[in-house]
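With these hints in hand, go ahead and build the complete structure from the sequences.
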Amino acid sequence: MRDPEVQQREDIARFAAALIERLRARRPAVHCVTNAVAQNFTANVLLAAGCVPSMTLSPDEIGDFVAHSNALLVNLGTFDRERRKATERAVETARRDHIPWVLDPVFVDRAAHRADFAEILLTRGPKALRLNRAEFGALAGGEPTKSALMAYAHEHDIVVGLSGETDWIADDTRVATVANGHTLMAKVTAMGCAVSALVAACLAVEADAWRATAAALTIMGVAGEVAGAKAAGPGSFAVAIIDVLHNLDAPALAAHARVTLHE
Amino acid sequence: MRDPEVQQREDIARFAAALIERLRARRPAVHCVTNAVAQNFTANVLLAAGCVPSMTLSPDEIGDFVAHSNALLVNLGTFDRERRKATERAVETARRDHIPWVLDPVFVDRAAHRADFAEILLTRGPKALRLNRAEFGALAGGEPTKSALMAYAHEHDIVVGLSGETDWIADDTRVATVANGHTLMAKVTAMGCAVSALVAACLAVEADAWRATAAALTIMGVAGEVAGAKAAGPGSFAVAIIDVLHNLDAPALAAHARVTLHE
Amino acid sequence: MRDPEVQQREDIARFAAALIERLRARRPAVHCVTNAVAQNFTANVLLAAGCVPSMTLSPDEIGDFVAHSNALLVNLGTFDRERRKATERAVETARRDHIPWVLDPVFVDRAAHRADFAEILLTRGPKALRLNRAEFGALAGGEPTKSALMAYAHEHDIVVGLSGETDWIADDTRVATVANGHTLMAKVTAMGCAVSALVAACLAVEADAWRATAAALTIMGVAGEVAGAKAAGPGSFAVAIIDVLHNLDAPALAAHARVTLHE
Numbered sequence: 434m435r436d437p438e439v440q441q442r443e444d445i446a447r448f449a450a451a452l453i454e455r456l457r458a459r460r461p462a463v464h465c466v467t468n469a470v471a472q473n474f475t476a477n478v479l480l481a482a483g484c485v486p487s488m489t490l491s492p493d494e495i496g497d498f499v500a501h502s503n504a505l506l507v508n509l510g511t512f513d514r515e516r517r518k519a520t521e522r523a524v525e526t527a528r529r530d531h532i533p534w535v536l537d538p539v540f541v542d543r544a545a546h547r548a549d550f551a552e553i554l555l556t557r558g559p560k561a562l563r564l565n566r567a568e569f570g571a572l573a574g575g576e577p578t579k580s581a582l583m584a585y586a587h588e589h590d591i592v593v594g595l596s597g598e599t600d601w602i603a604d605d606t607r608v609a610t611v612a613n614g615h616t617l618m619a620k621v622t623a624m625g626c627a628v629s630a631l632v633a634a635c636l637a638v639e640a641d642a643w644r645a646t647a648a649a650l651t652i653m654g655v656a657g658e659v660a661g662a663k664a665a666g667p668g669s670f671a672v673a674i675i676d677v678l679h680n681l682d683a684p685a686l687a688a689h690a691r692v693t694l695h696e
Numbered sequence: 434m435r436d437p438e439v440q441q442r443e444d445i446a447r448f449a450a451a452l453i454e455r456l457r458a459r460r461p462a463v464h465c466v467t468n469a470v471a472q473n474f475t476a477n478v479l480l481a482a483g484c485v486p487s488m489t490l491s492p493d494e495i496g497d498f499v500a501h502s503n504a505l506l507v508n509l510g511t512f513d514r515e516r517r518k519a520t521e522r523a524v525e526t527a528r529r530d531h532i533p534w535v536l537d538p539v540f541v542d543r544a545a546h547r548a549d550f551a552e553i554l555l556t557r558g559p560k561a562l563r564l565n566r567a568e569f570g571a572l573a574g575g576e577p578t579k580s581a582l583m584a585y586a587h588e589h590d591i592v593v594g595l596s597g598e599t600d601w602i603a604d605d606t607r608v609a610t611v612a613n614g615h616t617l618m619a620k621v622t623a624m625g626c627a628v629s630a631l632v633a634a635c636l637a638v639e640a641d642a643w644r645a646t647a648a649a650l651t652i653m654g655v656a657g658e659v660a661g662a663k664a665a666g667p668g669s670f671a672v673a674i675i676d677v678l679h680n681l682d683a684p685a686l687a688a689h690a691r692v693t694l695h696e
Numbered sequence: 434m435r436d437p438e439v440q441q442r443e444d445i446a447r448f449a450a451a452l453i454e455r456l457r458a459r460r461p462a463v464h465c466v467t468n469a470v471a472q473n474f475t476a477n478v479l480l481a482a483g484c485v486p487s488m489t490l491s492p493d494e495i496g497d498f499v500a501h502s503n504a505l506l507v508n509l510g511t512f513d514r515e516r517r518k519a520t521e522r523a524v525e526t527a528r529r530d531h532i533p534w535v536l537d538p539v540f541v542d543r544a545a546h547r548a549d550f551a552e553i554l555l556t557r558g559p560k561a562l563r564l565n566r567a568e569f570g571a572l573a574g575g576e577p578t579k580s581a582l583m584a585y586a587h588e589h590d591i592v593v594g595l596s597g598e599t600d601w602i603a604d605d606t607r608v609a610t611v612a613n614g615h616t617l618m619a620k621v622t623a624m625g626c627a628v629s630a631l632v633a634a635c636l637a638v639e640a641d642a643w644r645a646t647a648a649a650l651t652i653m654g655v656a657g658e659v660a661g662a663k664a665a666g667p668g669s670f671a672v673a674i675i676d677v678l679h680n681l682d683a684p685a686l687a688a689h690a691r692v693t694l695h696e
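Protein chains in written order, with my numbering: chain L, 434 to 696; chain Z, 434 to 696; chain A, 434 to 696.
Derived by calculation from the structure, the hints in this document are not laboratory data.
One thing to keep in mind: the hints can contain errors.
Since the list gives no way to pick out one identical chain from another, each pair is judged satisfied if it fits inside one copy or across any two copies.
[To be verified] Quick list of in silico lysine to aspartate or glutamate cross-link-like pairs, EDC-like style, CA-CA up to 20 Å: (1) Lys518 / Glu552; (2) Lys518 / Asp493; (3) Lys620 / Asp641; (4) Lys579 / Glu658; (5) Lys620 / Asp682; (6) Lys620 / Glu454; (7) Lys663 / Glu588; (8) Lys579 / Asp590; (9) Lys579 / Asp513; (10) Lys579 / Asp493; (11) Lys579 / Glu598; (12) Lys579 / Asp605.
Written out as structure tokens, the structure is:
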């Protein structure tokens, strides 16, 4: 008989592997309200994963774009009035058409105004919240312990995907950690934003938001780890992670994934 | 005696080769109204081809910039009110000063509002229209057959440059195909936008808009093909195509170009 | 006894080397009002140098961001009303909180409106002005000779950092030249913008603005020179300069720097 934890780990890894193949087969359209710094890199990450990105923020167009998309990302970086207005229309359309969406509350620890808007958005039904430790602190008011993550997920009926040296993925009953990744991920701008876009893509092809979020963080963590082994610095790392993501197949993903389930 | 088709093919290839040398000698200034995702990559493509890009969208400045440019790109990606206003001033200046301009109707198949604006712009004298099959369908209402392309070119007094596995370049009397390129071109965001910018650059140094458009699509197709042979994925491909474009000389271009004229 | 000029050159080179280590130790937060083309590359350059970039332009947020930053960049590229308003709030906050800031008057030689705004900003206390020859001509009305640079620096109580084949750094009493760099630096968009961001970063950790500016131009010039030796063209150059900047240590910097003091 196999060790049950090893079994579960393989399940998640195998699931992430299956999901990247599903992305490539279904080519989901992912509309992104994201910051100016991240738009290009995010689009390239989504293309490398097999998706069809779109990025318009125009209030006149965003309804049409979201309505024809399979998932939506709302990222609060470089958040101006144009993006606020765009977000309101985009989220309204997503709710009406039952299109899953992700919130990435970039730098809510740096601007009170932005944190306030994140609180409002959390009441509008995002499936997942992808953020880092400082941003979690700003929203939840404490350290991201396992029980704090689960409590926050329960309170907001959301999956929390917390990026860090180890990533944590929690809903109100399940917690997993992903121990993949590479230190250079923190040295490339918009890396976290791109992870959030990949969470949106996975939500487009998987109804269980916790599994979708865990798969997205696993895929990006493994891609980062493989890319980091080839890179000479953050410049070549940003290039390599796109190549690796494009070429990542199920066996490589399953072989590299270090996922643990916490009961 | 040589086969006339081979002769013509060599003529276009040789013409494309001559044109890239003309770009490097004259260094045309190309002003771009383009989308937020494409601005950086487009500027780097133009620089690699020997041009001087500028990108401002400010209504207070764009008239000055266009007036001192040799060509203009109007790309409808991420099209907001700021870009609409900028486009109106830019096109007005281009018409007044007889500066050639290109229209790239990105994603007109995704938003009715955008398609409507493209129709208006088509009445304002663009020299060329660079687009893909889905966008052509949205504007012309059918498949891009040879006769449909020629009819559309005739009706709008424009050159049509249609990107795809094979590129088609048509005006009302001439049609050419370019069979260069690489599948990774569809995996890098803003690749089509950058091709359109190169069409604008070629219009700056060549009065025959059909030859200019054919040359631009040949140059980019060959650069993509050469870059694709070196790349490990879309990340390294996006880097390599800039390098290749910068280093592309007339003999390499003539050797790789696969252009056919269709009487 | 050593040649005093060689001695001084080593002093500046050693100072630049010390400064990059200070950046890595202190990790200054640098807020950037910069153009849409430059945002991503600038953020990656700052991250590679050990800094924490932020980029928001929203009038509702920029005060908070600048107040928590250690330096500010104001770059006039793609200058629209949003950026003008953002700049006014950012500079107001910087003045109130004594946060050093840099002005990069991109393309003031191309638009009268932009030159006028640069003149206003010069009265608001920037520590340094980073620009090229054409931009200096537009603002100062002449050639950037040593005495013209010193006179301009004196008149505006500012350090002038002039980029070119040789860089010049002048205040009212001191002038240095940096003979590092690579021709490919002019073939990558936003390279000058990124240099200006690095000037801001150095001002965050060094009170002598002339030494800070000289160090920033030396660091970037050396990084460009080392990257140029490895690059196959402007695409791979843009990647390599980020890698080199990330890996640059004090001995490499001191070994490559070609700085001369002009009494």
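Going down the list of hints, with the structure as the test:
no.	hint	verdict
1	Lys518 / Glu552	within (16 Å within a copy, 27 Å between copies)
2	Lys518 / Asp493	both (11 Å within a copy, 14 Å between copies)
3	Lys620 / Asp641	neither (31 Å within a copy, 28 Å between copies)
4	Lys579 / Glu658	neither (24 Å within a copy, 48 Å between copies)
5	Lys620 / Asp682	between (26 Å within a copy, 17 Å between copies)
6	Lys620 / Glu454	between (28 Å within a copy, 16 Å between copies)
7	Lys663 / Glu588	neither (42 Å within a copy, 51 Å between copies)
8	Lys579 / Asp590	within (16 Å within a copy, 55 Å between copies)
9	Lys579 / Asp513	neither (33 Å within a copy, 43 Å between copies)
10	Lys579 / Asp493	neither (42 Å within a copy, 34 Å between copies)
11	Lys579 / Glu598	within (15 Å within a copy, 51 Å between copies)
12	Lys579 / Asp605	within (10 Å within a copy, 59 Å between copies)
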